[in-house]
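These protein sequences, in sequence, are chains A and B.
By our numbering, the letter at position 111 of the first sequence is numbered 116, and the numbering carries on one by one without gaps.
By our numbering, the letter at position 128 of the second sequence is numbered 133, and the numbering carries on one by one without gaps.
Hint data in this document are derived by calculation from the structure and do not stem from the laboratory.
Predicted, not measured: the structure shown is a model, and the values here were computed from it.
Any given hint could be a false lead.
Which copy? The list can't say, so a pair holds if one copy fits it or any two copies do.
In silico DSS-like links for lysine-lysine, alpha-carbon gap of 30 angstroms or less [what the hints assert, rightly or not]:
#, residue 1, residue 2
1, Lys206, Lys133
2, Lys133, Lys192
3, Lys192, Lys152
4, Lys150, Lys192
Spelled out, the chains give:
There are 2 protein chains.
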Amino acid sequence: MADRHHVLLRLAVDLAILTVRENCLHVLVIERDNEPYRGQYALPGGFLRADEDLPEAAERELVEETGLDGRSLHLEQLATYGAPDRDPRGRVVSVAYLAIAPDLPIPVAGSDAQTAAWMPVGNALGGKLAFDHGRILDDAVERAKNKLEYTTLATAFCAPLFTISDLRHVYEVVWGTELDPRNFNRKVANTQGFVLPTGDKRAPETGRPAALYRRGTAGYLNPPLLRNGIGA
Amino acid sequence: MADRHHVLLRLAVDLAILTVRENCLHVLVIERDNEPYRGQYALPGGFLRADEDLPEAAERELVEETGLDGRSLHLEQLATYGAPDRDPRGRVVSVAYLAIAPDLPIPVAGSDAQTAAWMPVGNALGGKLAFDHGRILDDAVERAKNKLEYTTLATAFCAPLFTISDLRHVYEVVWGTELDPRNFNRKVANTQGFVLPTGDKRAPETGRPAALYRRGTAGYLNPPLLRNGIGA
DNA sequence: TCAATAGTGTCTGTGAGACACTATATC
DNA sequence: GATATAGTGTCTCACAGACACTATTGA
Chain A
6 MADRHHVLLR LAVDLAILTV RENCLHVLVI ERDNEPYRGQ YALPGGFLRA
56 DEDLPEAAER ELVEETGLDG RSLHLEQLAT YGAPDRDPRG RVVSVAYLAI
106 APDLPIPVAG SDAQTAAWMP VGNALGGKLA FDHGRILDDA VERAKNKLEY
156 TTLATAFCAP LFTISDLRHV YEVVWGTELD PRNFNRKVAN TQGFVLPTGD
206 KRAPETGRPA ALYRRGTAGY LNPPLLRNGI GA
Chain B
6 MADRHHVLLR LAVDLAILTV RENCLHVLVI ERDNEPYRGQ YALPGGFLRA
56 DEDLPEAAER ELVEETGLDG RSLHLEQLAT YGAPDRDPRG RVVSVAYLAI
106 APDLPIPVAG SDAQTAAWMP VGNALGGKLA FDHGRILDDA VERAKNKLEY
156 TTLATAFCAP LFTISDLRHV YEVVWGTELD PRNFNRKVAN TQGFVLPTGD
206 KRAPETGRPA ALYRRGTAGY LNPPLLRNGI GA
């Protein structure tokens, strides 16, 4: 720790906020109204303040950008990005956080009065986002896909009360696959602590009403709910 | 990105280098010969330099502390720690990396001439390490345990040539459990790309010689090799 | 009645856990 | 021979995938 080559830098905390709406995975983006990358879309974020810890900063940004209470959302550290040229304004290292939200009505205009919008992740990938945010989004989606397998993260995409169909829909949209509803039902029912029955029901537009559930207390799925052939 | 409350800070890159030796998991620690925490053990690390990316810095520290070529070791970003008071010298945020090494003869004295040593992780947990390095080590061990389940990471703990017993020993030590040698053999043999037969054999002190293997090309285990009841 | 969604039951193949048995080395 | 480690075969149970069937609503 005694070397003299170190550099002073600013630390950004950027958020990849994912949700499922209209049969596809969306990410919250803001339109930049300052240089650099003016007019382009970017992930919401901001700089770390003097007396802040990283999770605090992430939660603060979440509130500022979406108006949501960070404690009600799933929020976890994703990774840190530090290429020397990643920000043309100077040396900025970014700690990215992954947030998972239920289908929200519409992002509240942040206190920064920036234009926030939900964008399908398919549109956001492929170099469309400012800075290295496309790469961050890639990693966020990959993390979400993986965590659905062995954790109860899927419930974080759902409203407080949800049906088994809702939950299955999350898996199908995030993974981009189709799942057998009957096998999925059995799997969820047999996993202790994944979902809790409430006794209530919700009628769809047509068809038999579905039982409503609440998140269970389990954090991990044991055994996991595996995709067919990852990394194969 | 326009707020004015941001802080300039230094970024540390710290390494949790794990290996298996003598039936227990060890971590590489250095004895600090400067304040703060003088005389205490800490994870090796250093500050990010002006033109460095994070993986570069991690690899540089690895070479400086162990004399090893970073490209031959498994090295991955673990997490970033930024509590405002984590370093008494001022605002320092640390990006931690997890490195996995085979059982090395002895750590080479780094170019910093610091005293490096392998310490059993059991001894290093519980507030023995400087800064928040105990917490970092906790997270590193947890990550390693989890990745053994669904990736081929265990081979990174082994020398280039290893037996199935060696590989099983890694699982047993890292997980702290016993595995059935016969079922383990079958599992490894049936997982394409986990290990490659070399045709050579190695005789133990007593008993039948064991076939030697090399790492395969697969990165993921499919299906995974699950512990009994995680998070239960 | 039909259409649509919710939910149960059954069969089958794969693979994990348990464990008997065989193989090959040193002493 | 004894002992120690390496490796194979077999049985059983749990569970995933496939899919026939029943249940409950609105039109």
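Hint numbers not upheld by this structure, sorted from lowest to highest | Violated hints (numbers, rising): 1, 2; every other hint is consistent with the structure.
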